[in-house]
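Heads up: the protein sequence lines correspond to chains A and B, in order. Reading the first sequence from the start, the letters are residues 93 to 789 in the working numbering. Reading the second sequence from the start, the letters are residues 20 to 345 in the working numbering.
Errors might be hidden in some of the hints.
To be verified - Simulated pairs of lysine-lysine, DSS-like, Cα-Cα distance not exceeding 25 angstroms: (1) K147(A) x K21(B); (2) K200(B) x K147(A); (3) K58(B) x K21(B); (4) K110(A) x K679(A); (5) K477(A) x K679(A); (6) K147(A) x K343(A).
These are computed hints drawn from the structure, not numbers from a lab.
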Amino acid sequence: MRQPLIGAPLDRVEGGEKVTGRTVFTADVVLPGMVHGVVVTSSVANGRIRSIDAKDALALPGMLGVMTHENAPRVNAGGSPPMPSLLFLLQNDAVQFDRQPVAVVVAETFEDATRGAELVRVAYDAIAPEMDLETAPAYVPEQIFGEPADRHRGDPRAAFSAAHVRLEQTYRTPTEHHNPLETHGTIAAWAGDRLTLYDSTQWAFGVRARMATVFGIEPELIHVIAPFVGGAFGSKGQPWSHVALAAMAAKMMDRPVKVLATRPQMFAWVGHRPQTEQKLSIGCSRDGRLQSVIHETTSETSAADDYVEPCGVFSRGLYAVPNYAMSHELRRLNISKPTYMRAPGEATGSFALESAMDELAYELGMDPLELRLRNYAQTDPDSGKPYTSKALRECYRLAAERFDWKRRNPEPRSTRDGRLLTGLGMATASGGSFRSHADVRIRMHADGTVVVSTGTIEQGTGSPTAYAQIAAEILGVPYERVRFEFGDTSLPYAPLAAGSQTSSSVGSAVTVAAQRLRERLAESGGRVPPDGIEINVEEKPRPEEDDYAQASFGAHFVEVAVDPDLGSVRVMRFVAAFGAGRIINAKLAESQFLGGIVWGISMALFEETRFDLRTGRIMNANLADYLVPTNGDIPPVEIIMAEEDDQHVNPAHVKGIGEVAMTGSAAAVANAVYHATGVRVRDLPITAEKLLGGARR
Amino acid sequence: MKPFAFVRAPSGPAALSAMASNSRASFVAGGTSVLDLMKIAVEEPDVLVDINALPLRSIERRGDVLLIGALARMSDVASDAGVRELFPMLASALEQSASPQLRNMASIGGNLMQRTRCPYFRDVATPCNKRSPGSGCGAIGGVNRSEAVLGTSSACIATHPSDLAVALRALDAVVHVTGSKGDRDIAFAEFYCLPSETPHVETTLARGELVSGLSVPLPAAGVRSAYVKARDRAECEFASASAAVELDMAGQTIRSARIALGGVATVPWRSPQAESALAGAAASCDAYERAARAAFAAARGFGGNDFKIELGRRTLVRALEMAASS
Ligand SMILES: Cc1cc2nc3c(=O)[nH]c(=O)nc-3n(C[C@H](O)[C@H](O)[C@H](O)COP(=O)(O)OP(=O)(O)OC[C@H]3O[C@@H](n4cnc5c(N)ncnc54)[C@H](O)[C@@H]3O)c2cc1C
Ligand code: SF4
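Okay, chain A solo, but in the shape it has when bound (with noise of 0.2 angstroms):
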């Protein structure tokens, strides 16, 4: 009998060729006459620029040229929704931010460009920056991602004044960078009126739109190309300033230009995770049934944007509470725009409402586990809807049992192993699931082979092979006689690959195309002609999917042990079960939830942007400074996979997997934390010094 192949653990089929460094990444490309831009940035991060002196630059040998705000092109830096954000492309001498692009220099090759970018010297007028969240100017904002940033159900003040039990506490969670492996980078080429780009992008035809913008020319004169991404995260979501300023240069120079970003570069203009402040109040019933939620955030953002981290959305709808209500305030300080980054809102505020629970637990004298499940949301609290599918409770049972829960005692600092003390904790995931208008063209060739085309892109999570897999199991083909083709805007149309909605968009595409060619091939007994059959579909979300709520769901359960004379926490083991739909390979699946996993370890523990706040320098911007985790800080993760046969969700079956796993995990750790140490951190990471205090008694 012939395997299934949904749910086969393949290797990806590009794995080989990235092993052995045959992958073509942008910055990978030549193109003939191609030239190198460098970007020079601020070093401060609020004033004016005095004056530029390119001299030194300009007399290097095979230089050439410098754009400042002097000399560049007038372009369109301003944005509108969805691409609301303002880009730096050097037209005025204003500066916003710590980093901020103030020159390109551009020469024949990146070492002479990248020399002459430390020899432009610029002399500004700086002002002392706002960097406070506690201080600066609080606002409300409009909307979070189109919809209002406050809401509320049910009475939410009065139910928790009349709560037997209240919690009230605030928790901060600070900067981070995104930092996908490869770095940002475009390159530039011009013919006529026409514009090609390469660049490493979550969206192809995003950048098209906002570059059609920029230089006020149709988008269909442009072309862009992305090669394979090495990751992204969110933070390649939308075209920052270097991809219009490589064309800008390209224009210029009348040449191709390529503009990498460096490492440090990678803190500057690309978007980050914003530093959040959340008040959670939690009424609750001696019984541990919640009675009211009330959940407010204050996030930064730029001066010049409003980007919100939207952390109510993880609570808003997490348990059954019948009086709830969020809300979200901004403060405006001398940084770059902070952006989505892996889980926006929901890593965040996961972390504040999963360690609230805990707290709240404890306050009850219950088990954590317990608390969740008497407050087990059925149907979705914030809209009433059933869910399309919903295994959380089985990803309770699954991983509880796998870890050993029951083994806990309940007491704080109750388990020793040498000096260690250890401590076990839990926490809910949870990441909304949706979709978007894909399209997708689908060939079957006289041969038997089959092409699917999409202008989605790949960005290291291995959908070439998900699809693949179900397009051949739909056809009946083998698996190895399915190409696919990505990663351009001469390709059908793909929405941005983020908010874990590629598979559920994509893949719906993909399903439906693949079913109507297998139509058409039943129509023709099976024959396909000499120029083979090709179908083209438009594959939008369906009303009757709004009948329902979408989301993946999931549970962390953690071992740490903390040493309590030095302050340091080691992850000893991490067990986790997630309910996501369909799961298309389950090798590439595992590879998001434990992708997400290490990332709530790090957030956890780790992860930390640290400005000057008399000058607003990032003073940790590269990977030596900025702490993420080494092999030796991951324990063995252990993933399970709660079945859910959803048929509600859209055509295939897939609820989100990309950023589930990174919900909760972060809260899993800290709670660990407090039952081994008895120390509740509330601001993130959990360093020594948050520890040193009170871990030894």
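Since chain A is already given, all that's left is putting chain B with the ligands on it; use the hints.
Just chain B with the ligands now, with coordinates in the frame of chain A:
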């Protein structure tokens, strides 16, 4: 990066004369530190003099010392049977340094000469007296979580980052130096300079002098030692606090102790105060605590690094406990 010339020195004299002929020349051994600093424009030598062909890689016992060549790799020394037997604390300090990849490249001489990890020192857009004398100290009043609490001055509070040097400071090593004016020995105690008003002067090595190797006096029979390092992650991270300890014990009485601290001081920090607190004392938690308090009695925090005073004490206590029970 500023363009530079690269010269492979076939011999010691050739290396010295290459250095003498250009005032902006610099040695390169493993390159893990100097190339990094060149990429971020903190160091801009005109010439790199590659000393890897020099015969300075051996690790051997000679008389009552262990001789370690300046070009021996950190990994060579850490895995050397003699080092592991005689100086387990030294091997441990090396094994807790950097990463396996770095240790395979990095030399002992280069390790001693590495520069501070102070974030201002490493960012040419900010003021730093060590990098640019007279420009001010960015770390005082700024991001200073990694900076020192001992041996600081109003000009500079940066830590010396080496783990190896802390162990060598406790072991009373001697640095062998060769220069155009001949060879000389520098006691480890004399090798590093406190920042005082001249933080850019870091060692007593003259310009152009080459570290050829180290001698570490063989330990007295029966001494016990430990190197403990507290850091923010499991690997590839500099010390927040470290302690190198050697105890000479008679039963449960500490005859004498040698104690050096890292991660908390501007130079590899010997603590005579802690040593005298222990001399003649019974090995006990109380004695360790007393020694730790003495070691940090003069410590001063700068805000972000205040925790290092407590962490440093506890690290020392842990090292004493470990040494005594080893
Ligand atoms: C990510 C990272 C993590 C690290 N973590 C640690 C850690 O935890 N603990 C730790 O101790 N170190 C750590 N290091 C530092 C590392 O140990 C040093 O970079 C290394 O030891 C330098 O040796 P090298 O041979 O590569 O020196 P090079 O880079 O070749 O030289 C460094 C300096 O020494 C000079 N020099 C070299 N040899 C001689 C000589 N024989 N005589 C005179 N001058 C000489 C050079 O001119 C240069 O100025 C880390 C480094 C990195 C990059
Ligand atoms: S502490 Fe020293 S190295 Fe750091 S900024 Fe101040 S002077 Fe420079």
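Status of each hint after checking the structure:
no., hint, verdict
1, K147(A) x K21(B), "holds, 16 angstroms"
2, K200(B) x K147(A), "violated, 42 angstroms"
3, K58(B) x K21(B), "holds, 8 angstroms"
4, K110(A) x K679(A), "holds, 16 angstroms"
5, K477(A) x K679(A), "violated, 32 angstroms"
6, K147(A) x K343(A), "holds, 22 angstroms"
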